Amino acid sequence: MFAFAKNRFSRQLVLALCCTVAAGLAAVAVQASDLDTIEQRGTLRVAVPQDFPPFGSVGTDLQPQGYDVDMAQYLADQMELDLQLVTVTSANRIPFLQTDKVDLVISSLGKNPERAAVIDFTEAYAPFFLGVFGTPDAARIDDAAGLSGKTVGVTRGSVEDMELSDLAPDDATIQRFEDNATTISAFLSGQVDYIATGNVVAAQIAERNAERAPTMVFRIKNSPCYIGLTQDNTVLKTRVNELIEQGKEDGTLESMSQKWFHTALPDDL
Amino acid sequence: MTLDFSTLLPYTDAILEGLVTTVWLTVVTTVAGIALAIVVAYARDGSREGPSGIVSRLLGAYVEVIRNTPFIVQLFFLFFGLPALGVSISATVAALLAMILNLGAYTAEILRAGIDSTLKGQHEAARALGLSRLQSFRHVVLMPAFSRVYPSLISQCIIVMLGSAVVSQISVFDLTYAANFIQSRNFRGFEVYLVVTLIYLLLAVGLRLAFEFVGRRLFAFRQGGSS
Amino acid sequence: MTDFTLWDIVRNLLLAGRWTVVLSLIAFTGGAVVGLVLTLARMGGLWPVRWLIRLYVDLFQGTPLLMQLFLAYFGAAVLGFDVSAWTAASVALTLFTSAFLCDIWRGCVEAVPSGQWQAARVLGLNYLQSMRHVILPQALRLAVPPTVGFSVQVIKGTALASVIGFVELTKAGTMLNNAAFAPFTIFALVALGYFILCYPLSRYARHLEKKLYGAGIR
Numbered sequence: 001m002f003a004f005a006k007n008r009f010s011r012q013l014v015l016a017l018c019c020t021v022a023a024g025l026a027a028v029a030v031q032a033s034d035l036d037t038i039e040q041r042g043t044l045r046v047a048v049p050q051d052f053p054p055f056g057s058v059g060t061d062l063q064p065q066g067y068d069v070d071m072a073q074y075l076a077d078q079m080e081l082d083l084q085l086v087t088v089t090s091a092n093r094i095p096f097l098q099t100d101k102v103d104l105v106i107s108s109l110g111k112n113p114e115r116a117a118v119i120d121f122t123e124a125y126a127p128f129f130l131g132v133f134g135t136p137d138a139a140r141i142d143d144a145a146g147l148s149g150k151t152v153g154v155t156r157g158s159v160e161d162m163e164l165s166d167l168a169p170d171d172a173t174i175q176r177f178e179d180n181a182t183t184i185s186a187f188l189s190g191q192v193d194y195i196a197t198g199n200v201v202a203a204q205i206a207e208r209n210a211e212r213a214p215t216m217v218f219r220i221k222n223s224p225c226y227i228g229l230t231q232d233n234t235v236l237k238t239r240v241n242e243l244i245e246q247g248k249e250d251g252t253l254e255s256m257s258q259k260w261f262h263t264a265l266p267d268d269l
Numbered sequence: 001m002t003l004d005f006s007t008l009l010p011y012t013d014a015i016l017e018g019l020v021t022t023v024w025l026t027v028v029t030t031v032a033g034i035a036l037a038i039v040v041a042y043a044r045d046g047s048r049e050g051p052s053g054i055v056s057r058l059l060g061a062y063v064e065v066i067r068n069t070p071f072i073v074q075l076f077f078l079f080f081g082l083p084a085l086g087v088s089i090s091a092t093v094a095a096l097l098a099m100i101l102n103l104g105a106y107t108a109e110i111l112r113a114g115i116d117s118t119l120k121g122q123h124e125a126a127r128a129l130g131l132s133r134l135q136s137f138r139h140v141v142l143m144p145a146f147s148r149v150y151p152s153l154i155s156q157c158i159i160v161m162l163g164s165a166v167v168s169q170i171s172v173f174d175l176t177y178a179a180n181f182i183q184s185r186n187f188r189g190f191e192v193y194l195v196v197t198l199i200y201l202l203l204a205v206g207l208r209l210a211f212e213f214v215g216r217r218l219f220a221f222r223q224g225g226s227s
Numbered sequence: 001m002t003d004f005t006l007w008d009i010v011r012n013l014l015l016a017g018r019w020t021v022v023l024s025l026i027a028f029t030g031g032a033v034v035g036l037v038l039t040l041a042r043m044g045g046l047w048p049v050r051w052l053i054r055l056y057v058d059l060f061q062g063t064p065l066l067m068q069l070f071l072a073y074f075g076a077a078v079l080g081f082d083v084s085a086w087t088a089a090s091v092a093l094t095l096f097t098s099a100f101l102c103d104i105w106r107g108c109v110e111a112v113p114s115g116q117w118q119a120a121r122v123l124g125l126n127y128l129q130s131m132r133h134v135i136l137p138q139a140l141r142l143a144v145p146p147t148v149g150f151s152v153q154v155i156k157g158t159a160l161a162s163v164i165g166f167v168e169l170t171k172a173g174t175m176l177n178n179a180a181f182a183p184f185t186i187f188a189l190v191a192l193g194y195f196i197l198c199y200p201l202s203r204y205a206r207h208l209e210k211k212l213y214g215a216g217i218r
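The listed protein sequences correspond, in order, to chains A, B and C. In this text, residue positions in the first sequence follow the numbering used here: the first is 1, and each later residue adds one. In this text, residue positions in the second sequence follow the numbering used here: the first is 1, and each later residue adds one. In this text, residue positions in the third sequence follow the numbering used here: the first is 1, and each later residue adds one.
Calculated directly from the structure, the hints in this document are not laboratory data. Nothing here was measured: the structure is a model prediction, and the numbers come from that model. Mixed in with the good hints there might be a few duds.
Derived contacts from chain A toward chain C, CB cut-off under 10 Å, selection only [claimed, not checked]:
1. Thr43
2. Pro95
3. Thr135
4. Leu188
Here are the computed lysine-lysine pairs in the DSS-like style, where the Cα-Cα straight-line distance is at most 27 Å [stated by the list, open to error]:
5. Lys211/C - Lys120/B
6. Lys248/A - Lys111/A
7. Lys120/B - Lys210/C
8. Lys237/A - Lys221/A
9. Lys221/A - Lys111/A
Every residue gets a Cβ at the ideal spot worked out from N, C-alpha and C, and that includes glycine.
Between the sequences and the hints, there should be enough to build the whole structure, so can you do that?
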């Protein structure tokens, strides 16, 4: 019963080596879809959130709805393409783009150097302020240093995760969750008393859960949302930028902002 | 997009931290889970003799519920559901609790199969010889059953160790959490997952070797009898 | 904000539960076919084939299913294949299932006493004939209970497909929890859904085992 242990061990080591080498040899470039490819296909594939109201959440029919979903619909309509929505989490929205599973990421995506190194961004299409929020009876904090000894929940890989990782003192605990749904659930369950997220998201949570309404304790930064696309996809980028500009001028974005954020679109966007 | 493993180097610490967490979770779970299983097996074995059988039925329900629902759902239930009832537990405690309950249920069932195959007469003979119920359970029922089902037990512990990858979903900093964390920083998902998968493979081999080492000590005198 | 009634929750979970069933069926059927081929190849093949199949089984049994899913989903794309969450989950679960079934079935074939082989060969049957007429019918009888038992693991395994964004029972649960925030109710219902699918299979497997064991001592 114990005889083959050594044998098995060496076999698995060989296996490990084989896998690594095979994967290295087999890696090939993934071809991103440019505007021509998309138009030939006739379908615009857009990554949207399903766990981040008011940008994207699900209705009682489990279909996505929200500002990002309307934005995607607006672009598809203007480009005269069918829209295919792909729901993503914060952690996997960039890989979706890198592996050509989607053409655009409209998923309350903020800009940061890590992301700029691997993907490209259009102009901003939605306002967003990041902050740390606490329960109504959580201890007041003035700045990041006040997080000392506290636990903050945040969605892994989000801009607020990156910012908080830099700002928070060493003895603050940052609990990172897979997606916004889990982060918000952790906050509402009482698993964490502070979360880092966007102002409009916090407002939505507050609307639904008065007893644990997230209240701003300090502001991290202004981080408007951009549409993400693959690098060197110039024609597509130009086209989307034109449409964002057009949407700002003809009032489309303004009415979306009124509908989902209940406020006017800021002038500096 | 070609493979580039050098982008992982700055994150060695994260992988190590994750590795340490996965290992200690596994060790604590193995010890506590087997202990829980023995208690369950003892109670179920005893309540067969007892008049009510209610304990036996409750423990049976626990074993069936755990065995017939996914680990990830048990984990979410403990982590999100319990606080809603006013019982707050941290992510690590939720993970540990879910893992122990899981291993406990499976091991109890494995042990029961081993116990059932012990001849009933042996147990009675031991009682007739004047051994207490606990003594007879330990020497005549449990130990032979243990050595008989030891290979299944090893496999089950490995399954629980591999299954612990799921605790990353409730923010426990295990090996998979490290992989996801690195992926969210360097966007090199494939390389990270490949390396971490290999680490799990080595952990599984290591765990098996450790178990076989312990098994040789524990059951040395029974070698002839076990299959 | 949308309000969710209990019926909304149950209805959506039931709808998503369909995909759990479909994915389980795909994984189990695919896994059985691949597993059968592997088992036969392993029993009769040359040593490099047998060795490779053992590697295959060890690989899938020695790594987390969650990692296999991550690799299938994001890895396949890096290797140049475009895979949807559907494909990735089906492929990963099929491979996972085939490895475990191959191991279970090998055990069953080996459990047929070697005298049976020798007798078949003495009677002039070749490898395939002895396999088909003598060994497999006996191994099959041994294989049914653990195979039914393993189908429970396959159903539970599909829950992990939620992590790569496949909307089945577990994913629907987390989505609903985010919108309705009733974790206790929702995850209890999700667990109940799996229990309803798995428990009859577990019971049936145990029943078959008892029957086989009972027949065995006679």
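Hints, one by one, checked against the model:
1. Taking 10 Å as the C-beta contact cut-off toward chain C, the hint placing Thr43/A at the interface is violated, the least distance being around 14 Å.
2. The closest approach between the C-beta of Pro95/A and any C-beta of chain C is roughly 5 Å, which is under the 10 Å cut-off, so the hint is satisfied.
3. Annotation: Thr135/A was flagged as interfacial toward chain C, and the flag is violated, the nearest CB pair being 15 Å apart, outside 10 Å.
4. The restraint placing Leu188/A at the interface with chain C holds, with a minimum CB-CB distance near 5 Å, inside the 10 Å limit.
5. With a C-alpha separation of about 20 Å, the suggested pair Lys211/C and Lys120/B falls inside the 27 Å cut-off, and the hint holds.
6. Among the hinted pairs, Lys248/A with Lys111/A is consistent with the structure: their alpha-carbon atoms are about 20 Å apart, no more than 27 Å.
7. Only pairs whose Cα atoms come within 27 Å are accepted, and Lys120/B paired with Lys210/C is accepted, the gap being roughly 17 Å.
8. The suggested pairing of Lys237/A with Lys221/A holds, with an alpha-carbon distance near 26 Å, which does not exceed 27 Å.
9. At roughly 12 Å between alpha-carbon atoms, Lys221/A and Lys111/A fall within 27 Å of each other, so this suggested pair holds.
Against the hints set out earlier in the document, violations occur for numbers 1 and 3.
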